[in-house]
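Protein chains: 2
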Amino acid sequence: MKRTSLAHWPCSIARTMDLLGDWWTPLVLREAFYGVRRFDDFQHSLGLARNTLTVRLQRLVEEGLLERVPYQQRPERFEYVLTDKGRDFYPVLMALTAWGDRWLSGPQGPPVTLRHEECGHTTSAVVVCEHCGEPLKAGAVRGEMGPGFPERLAQRPDVRERFGARPDSA
Amino acid sequence: MKRTSLAHWPCSIARTMDLLGDWWTPLVLREAFYGVRRFDDFQHSLGLARNTLTVRLQRLVEEGLLERVPYQQRPERFEYVLTDKGRDFYPVLMALTAWGDRWLSGPQGPPVTLRHEECGHTTSAVVVCEHCGEPLKAGAVRGEMGPGFPERLAQRPDVRERFGARPDSA
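Going down the list, the sequences are from chains L and Z.
According to the working numbering, the first sequence is numbered sequentially starting from 1115.
According to the working numbering, the second sequence is numbered sequentially starting from 1115.
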């Protein structure tokens, strides 16, 4: 059951995947974005085992993506509400959806289309550079050691080959 | 070991997560984007068990994200090269990275920073509407039944409550 922890790798993809844990977690978040808040409603719409759902919700609460909020006193009942950190995950799901729509739809086309209510059009997500606004494509982005890169790894030849020297030591 | 298959759900997130399988798969893709092509190099940089890596690479080949290409005859040796479908996954990793950089970095900041070589600036991914170019935020996007939505589900009250009636039958 216990697996290698990727949480301490100097990589935001590894850390995020460590947090997600498995493929149920993004779907629990998807439901939360559709407005689902209660255990039984998550369970009904995803059809996953109650103990699996309990563990996933607990993880999302511990990690600060969902907050457990009481909505009834006797008996005490809780619902799960997205935090800022959780709501900020929405663009990741949109990027996943765009890829899945393009590559995993059958001949009929995507199962669900998305309407952007701010502009009124059917939309698909595009992942762009925050600076120039152009789509970020493979091969056009280079990783460099950031401020949180661990010093003990920074001198390793394979690390320097991948990222170059630290910009501040160049 | 075998789990519920999400591949046939009418949801591109579920289908994509089904394909990813677990948290190693995006990291195998990350390595491919860093230019890694050979089994031993994937194994060295990720440090995962050889049998786990074999299964992940095989899945990515079956699903058409990587192609297995011979690079040596005797003995025959193969390397794993990104296909168009695989390269198109890059924006998803960029969106994951941006979220992880914002929410999972320690006080020092992100481990790796990204330079967009086309504009020369340090960048972070923004997920925008393909139509109006504005960031796609939670609450501003509504799902509607798309052309590939299964007819057998389209009349269910919970489905109609979530997505409304089919646009073409409205």
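Check each hint, because a few of them may be wrong.
Each pair may be met inside one copy or between any two copies, as identical chains are not told apart.
Said to hold, decoys possible - Straight line, CA to CA, 20 Å or less: simulated EDC-like cross-link-like pairs of lysine to aspartate or glutamate: (1) Lys1199 / Glu1177; (2) Lys1251 / Glu1145; (3) Lys1251 / Asp1132; (4) Lys1199 / Glu1176.
Hints in this document: simulated from the structure, not taken from any laboratory.
Small disclaimer: the values here were computed from a predicted structure and weren't measured.
Original post:
Can you give the numbers of the hints that this structure goes against, from lowest to highest?
Top reply: 3
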